[in-house]
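Trainee: Each chain, written out:
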Amino acid sequence: MPLDRAGAAGAAAQIDRSDGRLGGEAARLTSITKSFYGQAANEDVDFDLRWGEIHALLGENGAGKSTLCSVLAGLYHPDSGEIRLDGEQVELRSPHHALEQGVGMVYQHFRLVERFTVAENLALGHPDTKVLASRKELERQVAELGRRYGLEAAPEAGVWQLSVGEQQRVEILKLLHRGVRILILDEPTAVLTPQEARSLFATMRALADEGRAIIFVSHKLDEVMEVSDRVSVLRDGRMVGSMEIAEADPARLARMMVGRDLAVPDRPRIEAGAPVLSITGLTAAGDRGIEAVRNVDIEVRASQIVGVAGVAGNGQRELAEAIAGLRRIEHGQIFLGGVDITRASPRQRIRLGLGFVPEDRMRTGMAGGLPLPANLALKAYRRPPLSRGPLLSKRAMDDRARRLEHRFDIRGVRWGLPTSLLSGGNIQRAILARELSAGPKVLVAAAPTRGLDVAAIQAIRRLLLEEREAGTAILMISEDLEEIMELSDEIVVLYEGRIMGRLEPGQASPEVLGMLMAGRTVDPA
Amino acid sequence: MNESVILLSIVSAVGIGTPILLAGLGEMYTEHSGVMNLGIEGMMLGGGVVGFWVSTQHTSLPLALAVGAAVGALFALVHAFLAVTLRVNQIVSGLALVITGTGFAAFIGSLNDSALTYERPLSSFEPVFGEGMRDLPLVGPLVFGHDWVVYLSWVLVAASAFWLFRTRWGLSLRAVGEDPAAADTVGISVTATRYIYTMVGGAGAGLGGTYLIAGIFSNYQHGITAGLGWIAFALVIFAGWRPWRALAAAYIFGVLRNLGFSLQIIGVDIPADFLNALPFVLTIAALILISARSSAARKYSAPSALAVPYSRESR
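If you read the protein sequences in the order shown, they are chains B and Y. The first sequence begins at 30 in our numbering and counts up one residue at a time. The second sequence begins at 15 in our numbering and counts up one residue at a time.
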């Protein structure tokens, strides 16, 4: 335990020294590398933070923002690299250890015990909490704390009763109660209303002016431009660059964020056919009950791929689920081949010719514990030859699986063992095999190549293009801009559940797409 | 006549209710930490048979109870290792513990049949209060007629209610069972908390088992707990994870357990199997009632992270 004590004392000393040293170095991360299952989430990342600044971390999904923050917050141990706090090298063993050093993070999923009151959450694990602290006393302390920082929250209220914005205030208050000097906010505005975001920005500014250092993770350009002093951009796990906000402009940041030059590939020109999937005025609620898809109109024709671009969490999953019949539709209508399927069950939609590749291929796409033939039969087992009356024909299922294995090049199948043992790419091939073998009129593919290796990505994209040539109407939802550009005949950009813009692939430059995805309207110049 | 039958059945309900209460209180701690241990029946038998053996060798009942509790805690340690460290499915691990504990008790019991019956009566089980107080009308048999283990269980109920809901340690414990990530972030060791309280649960079961075998039956037979461990598990749910409610529920279950005898005495014949099923029927009814009211559901429902393993770096 001597280490711990030295650490705590060191942190206290740092806080004293840092006072009145606005602009001094608060933290420096050098050559941070962190991999998950062999895939690097952060590679050789350098990052520095100054006292008194709001430092924005900008990047697309999967760029490594959360990983970098989690490393500084002690949640992840970096595979290699060095962390310095106020000039001294530290090893952060746990989130609590980081807290003792004055580093605290507000995670996207709040670390609040929902069933406890605000006061109980602040008292939890706090070194000053008395063993037999009375409820009244705790609540009085918390009320005082809230007044001091201008973050008022009813101490006796249960966390479950609070709005998301209020919960976030409690989370910040909890960290301030712990004496946090470096505050990390991981996509704090993702869950807030614009008004709540305003008040958060005011709080952030006040805390920075007191000399604290604040890391603000976001993928929204407007917010970053508005609230931060400096900005660092991550892409594909690497640090692309840092600059003062005065030197930054949205177009430049968008290009840094998206990076690569996006070329439109050669593909066969096909005349699109009649409209097959028509979505009009679609509105659907998200899991929290707030509207996640707002008044969306999309039309997909036969032999056409419509690509839905956007940063994850802007309504894509809800849109896909609403089309597949897995989410209740509040307003609007969906037609499939002229038939109104707005209220149809998933099974009726499948019968009418809807194929669906869900974004969570392991949990929603497959019954991972079942062997491959059973999974491939999931949409076909009700009819001969796979079944006769109530009886399944195992042989027919196996024969069919072997044919599809060959045709869709599914590799690494171990007969009789769970499908979940296959690699991600092969699971995705298997899902496509199941969906495409049913001969769909419409295919909804959500994040079809997320997390796959290059070879698998190429194979999946080729399959989608072939299916397009075969006359299927395809709605492809993807966060991968390259994919969107390469495959789509038309691009739709979703932002906060609304359609921000519609583009032809030829008109889409990284800047334009990046700005639309970050919620800025673009002049149709 | 009828009043005395009712009184008698309540008094004997306290007897059979006490082992259920002790085991249930223990399980309540375990579940508040987010670990579900289905192995109560096995831990009661395993701890109880060893505790009983100790009591036949020495006349010291406190020693027997302590040893029984310790053995129960050791059984629970196995569950903690499987459930917390290896993150095994807790249902599987708990059921394995039932089988292991039952087999262990049968084995110890078969070693020497005669050793596991009393050679000497145990003075410790005598009622605590003198005859004058026990003969008082009504309160005499109800309040002053019990042995010291019953009074101990009352003390434990009060202490548990205080510990769980009035102390800093109780807050930490419940946080681990509600949201281990939140607890971890503020420096509470999820692993240590779960190990400790899983073992506390085992100790409760061992204590209950020893009292049942040594205190109530005074001899060991195979399968002597006859499902009391499962009733203790249901008790935790029925009581909404609250100690005082557990006290009342244990005696309600105890009354049901003895109701068959009492009803026979007054000439009503209801199949015993039906009565034995009543605790579980009541528990299901309580679950339905609680879930129907959202305010009650929040207060009296299971810890949110019950039976969910925790891993810090999982993503």
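Hints were generated in silico from the structure; no laboratory data involved. Take the hints with a grain of salt, since some may be wrong.
Straight line, CA to CA, 30 Å or less: simulated DSS-like cross-link-like pairs of lysine-lysine [to be verified]: (1) K313(Y) to K408(B); (2) K408(B) to K470(B); (3) K470(B) to K423(B); (4) K408(B) to K423(B); (5) K159(B) to K313(Y).
Computed from a prediction, not measured in an experiment: that's the story for all the values here.
Trainee: If you draw a straight line from the CA of K470(B) to the CA of K423(B), is it 30 Å or shorter?
Mentor: holds (28 Å)
Trainee: Under the criterion that the straight-line Cα-Cα distance not exceed 30 Å, is the pair K408(B), K470(B) satisfied?
Mentor: holds (15 Å)
Trainee: Are K159(B) and K313(Y) close enough, with their CA atoms no more than 30 Å apart?
Mentor: Distance ~24 Å between K159(B) and K313(Y) Cα, so the pair holds.
Trainee: Decide if the proposed pair is consistent with the structure: K313(Y) and K408(B), CA atoms, cutoff 30 Å inclusive.
Mentor: violated (43 Å)
Trainee: For a C-alpha distance cap of 30 Å, please report whether K408(B) and K423(B) respect it.
Mentor: holds (15 Å)
Going through the hint list in order, the structure does not satisfy hint 1, though it satisfies all others.
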